[in-house]
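Trainee: Listed here are the chains, written in short residue letters.
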Amino acid sequence: MAVLEASGLTKHFHAKRGILGGERGVVRAVDGISFSIEPGHTLGVVGESGCGKTTTAKLVLGLEDPTAGTIRFEGRDLQGLDTAGRRHYRKSVQAVFQDPYASLNPRMRVDAIIAEPLVTNEPLSAAEARSRVLQLLDLVGLPSRAADLFPHEFSGGQRQRIAIARALALSPKLIVLDEPVSALDVSIRAQILNLLRDLQAELGLSYLFIAHDLAAVAHMSHMIVVMYLGKIVESGEARTLARTPKHPYTEALFSAALPSHPDERREEIILSGEVPSPLNPPLGCRFHPRCPHAMARCADEEPMLQDVEGRLVACHLYDAAEHRALIRIAAGVSQVS
Amino acid sequence: MSSSIPSSVSYEPTGQRLPVKTGPLLELENLSTHYVSSGGTRVVRAVDQVSLRINAGETLGIVGESGSGKSTLALTILRVLPPAARIVEGRMLFDGEDLVQKSDAEMRHIRGKRIAMILQDPMASLNPLFTIGDQVAEPIRVHEGAGRATAWQRARDLLKSVRIPSPETRVTQYPHEMSGGMRQRIVGAIGISCEPRLLIADEPTTSLDLTIQAQYLNLLRELQRAHGLALIFITHNLGIVAKMCDQLAVMYAGRVVESGPVSRIFNAPVHPYTEALLNSIPRMGDSAQRLTAIEGQPPDLAALPRGCAFAPRCDRVFDRCRVEAPPEFAPAGRRTARCWLAAADSTPSDMLVQSGTA
Chain P
3 MAVLEASGLT
13 KHFHAKRGIL
23 GGERGVVRAV
33 DGISFSIEPG
43 HTLGVVGESG
53 CGKTTTAKLV
63 LGLEDPTAGT
73 IRFEGRDLQG
83 LDTAGRRHYR
93 KSVQAVFQDP
103 YASLNPRMRV
113 DAIIAEPLVT
123 NEPLSAAEAR
133 SRVLQLLDLV
143 GLPSRAADLF
153 PHEFSGGQRQ
163 RIAIARALAL
173 SPKLIVLDEP
183 VSALDVSIRA
193 QILNLLRDLQ
203 AELGLSYLFI
213 AHDLAAVAHM
223 SHMIVVMYLG
233 KIVESGEART
243 LARTPKHPYT
253 EALFSAALPS
263 HPDERREEII
273 LSGEVPSPLN
283 PPLGCRFHPR
293 CPHAMARCAD
303 EEPMLQDVEG
313 RLVACHLYDA
323 AEHRALIRIA
333 AGVSQVS
Chain F
1057 MSSSIPSSVS
1067 YEPTGQRLPV
1077 KTGPLLELEN
1087 LSTHYVSSGG
1097 TRVVRAVDQV
1107 SLRINAGETL
1117 GIVGESGSGK
1127 STLALTILRV
1137 LPPAARIVEG
1147 RMLFDGEDLV
1157 QKSDAEMRHI
1167 RGKRIAMILQ
1177 DPMASLNPLF
1187 TIGDQVAEPI
1197 RVHEGAGRAT
1207 AWQRARDLLK
1217 SVRIPSPETR
1227 VTQYPHEMSG
1237 GMRQRIVGAI
1247 GISCEPRLLI
1257 ADEPTTSLDL
1267 TIQAQYLNLL
1277 RELQRAHGLA
1287 LIFITHNLGI
1297 VAKMCDQLAV
1307 MYAGRVVESG
1317 PVSRIFNAPV
1327 HPYTEALLNS
1337 IPRMGDSAQR
1347 LTAIEGQPPD
1357 LAALPRGCAF
1367 APRCDRVFDR
1377 CRVEAPPEFA
1387 PAGRRTARCW
1397 LAAADSTPSD
1407 MLVQSGTA
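Protein chains in written order, with the working numbering: chain P, 3 to 339; chain F, 1057 to 1414.
Where hints are given, some of them may not hold.
Unchecked claim - For the chain P half of the interface with chain F, some residues (derived, Cβ under 10 Å), not all of them:
id: 1; residue: Met3
id: 2; residue: Ala4
id: 3; residue: Ser51
id: 4; residue: Gln160
These are computed hints drawn from the structure, not numbers from a lab.
Where a beta carbon is used, it is the ideal one built from N, C-alpha and C, also for glycine.
Just chain F, with the same shape it has in the complex:
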């Protein structure tokens, strides 16, 4: 399957659910991004003390509702935040280098070259005034200094690798001449054009039809295997996580409330929010059962409750939850959970960080 795609990257293609034995490719440590209003009076903690890591060749799903901070987290990693947002603390180690400390000029060499991103709406990420060939070739010309002819030839190869029929004619066409699925594959081709190590996909299939979504997800998986890519999937859809990801981080109100290997979280969620979310999705063929709904509304990030942000909706809440926000506990292996229920049999990973063991 993967052999059909030429790979010029030296490391081995990896099996989908096998963790790779190299160090983390990207490691976020205690990362916080806040939106500050112009007077400085209102602070929205969009990303708050997030610690995560992803290894080469792995797929990490970041799941959350709107306003949970998952998209701000992606923008933080790429350092393309809107002016009101500030990275207030933390480190982002990518291949051992801290992206927070990089200058804008240095980031321009990393974005598109070593870390690429695919956005939800392909029509918004493609420029309607330029041909497909120009747009797929642009990063190759910018980052690798390739000439027009070479870059266009690479563009044709890339279109072929994302299964665009007759790439020779497609390169001279414009985005409006393509269907939605084709546009999204072109955005994918731009994403992998400079052979990045990490690809961040923000709701990449939300605008696609089901059978086209299945085509696209399979394509991403093949590209990942062929190029040893690390993938971050930002989504609200647990089905995509179940299908595509090795690792999962669940975000709620700006914080990662639970993270760990996908199958272990699906089989035994620790955080009540994760559990409730998993129970609330309808499953094919059991229409007799009533869905377990999560009552209440997601909180306002500018006015979070004092303790745990999920406490007002939690069915296992107790007194401590309402007064004190739980730190990140690490029950076992690569799992973490921000919940007092996880406190009993684990050590807070915050403490580990402080004592220098991590």
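One chain only, chain P, in its complex shape:
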């Protein structure tokens, strides 16, 4: 059974009201997305600013209430949970944020930072809390003397280790990783990514991994969902999706990713224009104004996610008739019009 299952998850924000009190519009930050995270697995979420990945993270963390749709945790709908159930959920789902300089209180010692979730949630004695802190520090590769120091005495990578130790304090099932390495130095990133993978193997954790570094997401994830303007445009197994993207947006996004070697040559797809405002997203397929393959029907008919070779893709190119034509073209068979 999936650890977490979201279906039809939607979050709309109401834009500021005008002078006369009339609504000016609705920002459809997340618009009917569904995904699930298996135990011990990582789900990567990629997309550009405004695609809704941070809102998705907030919904999963319970920091925002969905406008519509459900989140099920271990089979139970979050909406129907009582206070105790809600508390259990909050303990089971933790987060590590981008900037370890902002996420750690500079006036607390490391042992107080890591022990805080323990002390608030479990009836522990000071000695028990302390020994748990030392265990956690060891788990993330920090020496036990770190417990008595303040965050400013650590480098960025070490601070991120402290943040991870804090997230692990309540033995969660799922950790939301929102850009966990992008604030770190290049030579430190691999350390943290390796640590996260080791912890996953050791503790059976599930991750929701959000990052703009596609190679890092592909490296860390089992499954990837690609979002554009609040919608999932493609989802599937991480490595195949990264190697052979199907949706034109995924294709363009991965072709825009920087090469890891100067001799690496690949087809570059440079998209024109920028991501439209989510306040007034294009009708039909939201990607069609920038899409190099846009057809007439893309402007008025919104494509649904459909199964294409074991993957979910929301694109009219893969509708039965068009898809057959595409295969014919790819196979070099002259097209019968």
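Starting from the known structure of chain P, arrange chain F on it as the hints suggest.
Mentor: Quick look at chain F alone, frame taken from chain P:
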């Protein structure tokens, strides 16, 4: 491609990875910039004995972590250092003239005119109170003494050349009315407004989304070809170097630890730091492999170890590394490396300089 951009510069546009057969446009010789605390007790060697050169039309990537001195190096070239910083030694030959010896007044004629710079955050480099037209026209009016009407017309042309849609209306708008990608393109337009020979870009795409980054990098490359610009990319991102640069200099703790042609460094790095850095980046599609992490932390520039600064993190360290900092060796061609491992089959370029051969 490049023909779409008008070029009034006489020299030929050059292919991206072809070195040009002219002399170096900018040559840094043994350049050191130190930050000195007010009492003079603490000295931070932010840039230490850096020797580099870049030819016209070439792209040089300077890669390093935060605190490696790469941004201070850029500020040194433009001579816009904060008060605590001093250029303590070395020469910067730009078109044969030593920028270190220039007066502030002379530098004002070079900055923005012959050497321009693009910074990371376009919102911080644009003045929110002036229109786009004013800001793009300003260097043209200052450096070329053009009138307002002429300068504004040039501004409109420049906006068009950096692919800003409807430049006629955009010139009268303010920075907050633009998206991040558009702002960065406007900063690019200001950079090339006086047709500089050298453009320094300090993390120019860090604040941009991926597809916008790809647009911007392509634009820079087209502008470079059309104007025969030399580009210096300061970045922590090896992907940008792989995509954009001909030459690479890797900085660590204020020093250039390795430099040379990009593809040769990527294929056969000499310095263990370069090698470790290249191995530590995840590659698309090989998620089964564990990343090779570099253990330890970057050093504190105010308290560097006695020998090689990378020695505490190096997996090929030996006794000599801990006591004696390696000089710059030149294994072959345009390559250099500050590592004792490179000593075997080369001559230190420091020695060459001293004996007058360089």
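Trainee: Hint by hint, note whether the structure agrees.
Mentor: Status of each hint after checking the structure:
1. The closest approach between the C-beta of P:Met3 and any C-beta of chain F is roughly 24 Å, which is over the 10 Å cut-off, so the hint fails.
2. Because the beta carbon of P:Ala4 sits about 21 Å from the nearest beta carbon in chain F, more than 10 Å, this interface hint is broken.
3. A hinted interface residue such as P:Ser51 counts as satisfied when its beta carbon comes closer than 10 Å to some beta carbon of chain F; here the least separation is about 6 Å, so the hint holds.
4. A least Cβ separation of about 7 Å between P:Gln160 and chain F falls short of the 10 Å threshold, and the interface hint therefore holds.
Of the numbered hints listed earlier, those contradicted by the structure are 1 and 2.
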